[in-house]
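Number of protein chains: 2
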Amino acid sequence: MVNVAVMGHGVVGSGVAEILLTHAESISRKAKEEINIKYILDLRDFEGLSYSDKFTKDFRKIADDDEVLVVAEVMGGVHPAYDYVKECLLKGKSVVTSNKELVAAKGAELLKIAQDNNVNFLFEASVGGGIPVLRPMAQCMAANEMTEISGILNGTTNFILTKMVKENLSFDTALKMAQDLGYAERNPDADVLGHDACRKICILAALGFGKHVYPEQVKATGITEITLEDVDYADKLGYVIKLIGHCAKLDNDKITAAVYPALVPKSNMLSGVNDVYNAVVVKGDATDDVMFYGKGAGKLPTASAVVADIIDCVKHLKTRKYLFWEDGDQNYVEAQENVPTRLYVRLTDADNSVAPQIKAIFGDDVKLLNNTVANEVVFITNVEVEKDLLNKVEKLQNCKVAATLHAID
Amino acid sequence: MVNVAVMGHGVVGSGVAEILLTHAESISRKAKEEINIKYILDLRDFEGLSYSDKFTKDFRKIADDDEVLVVAEVMGGVHPAYDYVKECLLKGKSVVTSNKELVAAKGAELLKIAQDNNVNFLFEASVGGGIPVLRPMAQCMAANEMTEISGILNGTTNFILTKMVKENLSFDTALKMAQDLGYAERNPDADVLGHDACRKICILAALGFGKHVYPEQVKATGITEITLEDVDYADKLGYVIKLIGHCAKLDNDKITAAVYPALVPKSNMLSGVNDVYNAVVVKGDATDDVMFYGKGAGKLPTASAVVADIIDCVKHLKTRKYLFWEDGDQNYVEAQENVPTRLYVRLTDADNSVAPQIKAIFGDDVKLLNNTVANEVVFITNVEVEKDLLNKVEKLQNCKVAATLHAID
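Chains as they are written, first to last, in my numbering: chain L, 5 to 413; chain X, 5 to 413.
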C-alpha cells in the first residue's frame, strides 16, 4: 500500500479523491499497489463526506509524515503551493500537480530538486486538462527533435470565439454566456487576456525545447479587441479566428513564443476545434505534425490526468521519469517584433487610392479581399518580420487602421 | 551501454537504424544509457552503408547473445516474426515491434510471455505509425474506464476517399494515383478491403477493454464499392465518407468491433482528417473524447515510434510497463448484425410510391434527401439494430437498393 496526500479540495482536488475512491480496484491493478489517501489538505471544513476523516488544515502533518510517498498539489496559485511542493520534494516525496501557474513560474527549479532527490515531479494536467500531451511528447516522441508547437490552449476563449463565429454573437454577449455556463470566471481577465494560454505555451516550449520559458518573456494578446467585422472578413478569406499559443525554434539559437488571436485557415485542423475543446499540434523532425485534442478543463478530465500521474509515481518510486528542462535565460526568447509573420489588416475610412498603395507597398501578390463594406479595405500580407510589416502599415494614407491580426498557415 | 538488435532492414528498419545513429546523443541522454546496435538481421545484402558490419542473416546470433537486451522486430508478417519474438522474450530480452499483424494475431500470448519473463513487449508503432496512441491510452488515461474507440486507421484508403470527395475522382483513378505516389501497394487488397484497419482496431479494442480481439472476429468492409454518387449525396446530407474502425463496450459484457465505410458528420473532427493522415478518438469515462492525430505511416514517423519504445525498454530493463490484456474468447465480439446503428440508404429505379413507403416503414422522422437525381431516393434511418434495418430495407417495393452504408454521429 502506498500512502498519498491531496493538497486542495476544490474542483480538481475533489475529482482526484472521487476517482481514487471509485476506481480503486482498476487503479491498484495498474499501479500494482493499493493507493491510500492518507490526508487531504484544505482550510475549509468538509463534513458528511465518506472520507471526511482524512481532512487536515495543517501542511506539517503531510510534510513530516514519512509514510506519505506521493503528494498531489491541486490548490493552484504560486504561493503557498511552491513552498509546499518544494518541501515535499526535498523530503523525498514525489509530487504531481495540475498547477500551470506554478510550473510556468518554477518548473525548472522544481524539476532540478526532484532530480537531486531522486523523486518525480509530474504535471500532465497543467496543459490540456485531461488530454495526454506532455507525457506523449516526452516519451512517445522521444526520438524526435521538436521544432514547433502551436495550440488552442484555453477553453473559455475558444468557447467565446466559437459563439462569435458560429452564432454571430458579440464578444460581450458570448462572454456573458460563458460566465452563465460556468466556463468563465466573474473576473475573466486571466482567460480573455491570454494569461492562462501564456502559462501553457511556456510549459510546452520548455518541455519541447529543453529550457525554461518565463511568462514574463512571452507576449500575450487576448481576444477582447476581436470584432464581428473581423470574424466575417476572416470567413470570406477562408479563415477562422482562434486564440493561438505558438512557439518555435529560430535559426539563432533563440525561440519565439507568443499568444495571440490569429486567422487560422479552414484547412488547418485547429480551425475545427470548437467550444471548450483544446488541441495541441507538435511538430517533430521524424513525425511531422501530431495533434492531441480533447476537453482542456473540467473536474473529471483534469482530475483523471492528476490520478494518472499519481499511478505513474507509485509505479516509479525508485526510478525517475524522463521529464526535465534547464533553467531559462534572459535572451532566450526573441522579441516578437523581430519574428517573421503574416498579418491580416483591416482599414476603414479608405478611399480609392488605398488598394493601389497596398500593392505598391506590400507587393502585387498581397491577398486583397474583394467584397468588403464600402470604404473598408482588408488584406493579408506575405511573410515578413513583424515590425517591418507594421512600419509598412503605418505608411498607408487616406485610411484608418482598424485591426491587425496574425494569420497562420 | 545497452546492446540492441534490429530484425528487418526494410522501410521501417532502415529508419530505426538511421534515427538511432543520427540522434545518438539526445537518445542516450533520454535513455540514460548509450544504445548500441549490435546486429541487424536481414537476408538481403546491404553493402556500402556506414553500418554494414552489423548485418547478419542468422537469427541465432541474436537469440544466443546474452549481451543483446532489447530487440526491435520490424520484419512484418506473422511468421517467422512470431517465433523470433517469442524466443527473444523467453530468453529475457525485451522486444518492441511495429508489426500490427503479429500483435493482432498473438498479442495476448506474447504479453503473457513478457510478463512471465519480467521483460517488456511494446508496440506503439503498430497503430497510427508515429502518432502516440497506445502509451497515452495505457498511461495518461489510466484513471479512465474506456467505453468506445473509433478512428481513421489506414492512410491509403483515407487518401483515396479524400481524392474522391475533394477532387471528384473515381475509386479506380484515386487508387491508381495512390499507387503512383507509393501510398498503395501494387496489390492493394490489405488496405482497400479494410484488413489493415481491422488489425489496428483489434489492438485498440484489446488495450482499451482488456481482452484480446482476433481479426477473424471482426467484420471488415472496404471502400471498393463506394461511388461518387454516394460521396455527393453524403455531402448534401452534411456528411463525408470515411473508412472507420470502431469498437465499443456493450451492455451484455460483449463488445462490438468492426471496420466499415461510414458517413461522418462534418461537425465530427474525424471528417476533417484528410489525405494520408490518421486519427484515433478514445472515449474515457473521465476525459470524454480525446483525439490523437498525425501521419499514420511512413518511414521516419513509424521508426521514431519504434525508437521511443526502445528507449523505454532501456530505461525499464528491470521494471515492467503496464501494458497487458487477457486472452480473448469466442463469444466476446457481438455479431455486427445485432448491433444498433444508423444506415444511409440509396435507392434507384424508384417511383413516387417509395418516399411514402419509407416514412411508413422507418418512421416520419427519417432524414430524406430532397434534391436527388430523378428516380433516386436517399435517406438516413434512425438508430436500430442492423438486421432489423436491413429487413426493413428489403420490404421497400418499386425500387432497387444501390447502397447501404453506416452513418455515425
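It is worth saying that the hints were derived from the structure and are not from the lab.
Worth double-checking, as some hints may not be accurate.
Which copy is meant is left open, because identical chains are indistinguishable; a pair holds if it fits in one copy or across any two.
Using 25 Å as the maximum straight-line C-alpha spacing, the simulated SDA-like pairs for lysine to any residue come out as follows [stated by the list, open to error]: (1) 391 to 177; (2) 325 to 231; (3) 287 to 87; (4) 325 to 391; (5) 65 to 331; (6) 215 to 32; (7) 36 to 96; (8) 270 to 361; (9) 371 to 96; (10) 303 to 174; (11) 215 to 377.
Starting from the hint list further up, note which numbers the structure goes against and sort them upward. Those not satisfied are hints 1, 2, 3, 4, 5, 8, 9, 10, 11.
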